[in-house]
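Student: Sequences are here, hints too, so could you generate the full structure?
2 protein chains.
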Amino acid sequence: MVGITANPGSGNSKAPQPSSLVGVMGSIGLSGKVNGMVYTAFSDTLAQQVAEKILGGSASVQDVSDVVAELTNMITGNLKSQLCDMGFNCSLSIPSVVRGDDIQVSAKTASISVKNEYTLEGCPDTLVVQVFAALEH
Amino acid sequence: MVGITANPGSGNSKAPQPSSLVGVMGSIGLSGKVNGMVYTAFSDTLAQQVAEKILGGSASVQDVSDVVAELTNMITGNLKSQLCDMGFNCSLSIPSVVRGDDIQVSAKTASISVKNEYTLEGCPDTLVVQVFAALEH
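Protein chains in written order, with this note's numbering: chain Y, 508 to 644; chain R, 508 to 644.
Source of the hints: derived by calculation from the structure; they are not laboratory data.
Possibly wrong hints are sitting among the right ones.
[What the hints assert, rightly or not] The calculated lysine-lysine pairs, modelled on DSS-like cross-linking and capped at a C-alpha distance of 27 angstroms, are: (1) Lys540/Y with Lys587/Y; (2) Lys560/Y with Lys615/Y; (3) Lys540/R with Lys560/R; (4) Lys615/R with Lys540/R; (5) Lys540/R with Lys540/Y; (6) Lys622/Y with Lys560/R; (7) Lys521/R with Lys540/Y; (8) Lys587/Y with Lys615/R; (9) Lys622/R with Lys521/R; (10) Lys587/R with Lys615/R; (11) Lys560/R with Lys615/R; (12) Lys540/Y with Lys587/R; (13) Lys587/Y with Lys540/R; (14) Lys587/Y with Lys560/R; (15) Lys540/R with Lys521/R; (16) Lys540/R with Lys560/Y; (17) Lys540/Y with Lys622/R; (18) Lys615/Y with Lys521/R; (19) Lys521/Y with Lys615/Y; (20) Lys587/R with Lys521/R.
[Said to hold, decoys possible] Partner residues are not named here, just some residues of chain R that face chain Y (Cβ under 8 angstroms, in silico): (21) Gly518; (22) Ala522; (23) Asn542; (24) Ala576; (25) Ser600; (26) Ser603; (27) Arg606; (28) Val612; (29) Ile619; (30) Ala641; (31) Leu642; (32) Glu643; (33) His644.
[Claimed, not checked] In silico negatives: residues of chain R with every beta carbon more than 10 angstroms from chain Y: (34) Gly539; (35) Asp551; (36) Ser572; (37) Ser598; (38) Ile601; (39) Ile610; (40) Asn623.
All C-beta atoms in this analysis are idealised placements derived from N, C-alpha and C, irrespective of residue type, glycine included.
Tutor: The structure is reproduced here in structure tokens:
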């Protein structure tokens, strides 16, 4: 991922709802043979570190939001590609960025709720990815 | 809307980003000839009032989230229908619900940022709807 190695955790394929997330969150909707919503959550420190690493210098609040949006787009694009290979074609909405403390996200109509944490090289905080999805019948 | 009259405000067709929202927020992605993200924001009081009105009695935290998700689905479905009539066919992701204090949402790739407030009959707080969108070229 943009020159940063991300190591996945063991994941939780039955992540409880609502899911608690903190910091700078990216979100993108999926629609098609799979409908869903992907949330990525970077702690403020992690978002700042990653943005500075990518931009090669200081990063403003806007820069950090842009980097989080772009990384969320890349992560969800990768997921879309894998879903497509499995026969679940879908298209993506635009990425939006949500900032706040102690954010709770849920999606009751999602039969699938998967959460995983990724450790990024050289960063102490983890990146959390929460996917809510429902397969088309 | 489910027996509750909603009166729109004058709206802001160039709503600044990031947009500040509070309380219980619904969100849904749009993808197709228009790509975007719709956020609805109910204050805690408004969400509770509307849920109790719809359910005809007391409403738990989960009930309130369900009602906000369903209303967001209805509002976005209505928008989708209008966009479709204008030639911008699109499909919707599933609704998700975000709770938190002082939430900031933004979508840099959205050339369209529209915000409006709706007054619901018998409720002092307003419902805020923020739409981020980009038209397909």
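Student: Closest CB-CB distance from Asp551/R to chain Y, is it above 10 angstroms?
Tutor: The claim stands: Asp551/R keeps its Cβ more than 10 angstroms from every Cβ of chain Y (closest is about 13 angstroms).
Student: When you check the alpha-carbon spacing of Lys587/R and Lys615/R, does it fall within 27 angstroms?
Tutor: holds, 21 angstroms
Student: Can we keep the Ala522/R interface hint, with Cβ of chain Y closer than 8 angstroms?
Tutor: violated, 13 angstroms
Student: Between the alpha carbons of Lys521/Y and Lys615/Y, is the straight-line distance 27 angstroms or under?
Tutor: holds, 13 angstroms
Student: With a cut-off of 8 angstroms on the beta carbons, see whether Leu642/R makes it to chain Y.
Tutor: The hint is violated - Leu642/R has no Cβ within 8 angstroms of chain Y, the shortest such distance being about 11 angstroms.
Student: Regarding the hint that Asn542/R lies at the interface with chain Y, is the smallest CB-CB distance below 8 angstroms?
Tutor: holds, 5 angstroms
Student: Can you verify the interface hint for Ala576/R: is its Cβ closer than 8 angstroms to any Cβ in chain Y?
Tutor: holds, 6 angstroms
Student: Sort out whether Lys622/R lies within 27 angstroms of Lys540/Y, counting only the CA atoms.
Tutor: Violated, because 30 angstroms separates the two Cα atoms, which is more than 27 angstroms.
Student: Given the hinted pair Lys521/R and Lys540/Y, is their Cα-Cα distance within 27 angstroms?
Tutor: With Cα atoms ~34 angstroms apart, Lys521/R and Lys540/Y exceed 27 angstroms; violated.
Student: Could you let me know if the closest chain Y CB is still more than 10 angstroms away from the CB of Asn623/R?
Tutor: holds, 17 angstroms
Student: Measuring from the C-beta of Gly518/R to each C-beta in chain Y, is the shortest one below 8 angstroms?
Tutor: violated, 19 angstroms
Student: Is Lys560/R within 27 angstroms of Lys615/R, Cα to Cα?
Tutor: Violated: Lys560/R and Lys615/R sit about 37 angstroms apart, past 27 angstroms.
Hints 2, 3, 6, 7, 11, 14, 16, 17, 18, 21, 22, 29, 31, 32, 33, 34, 36, 37, 38 and 39, counting from the list given before, are not met by this structure.
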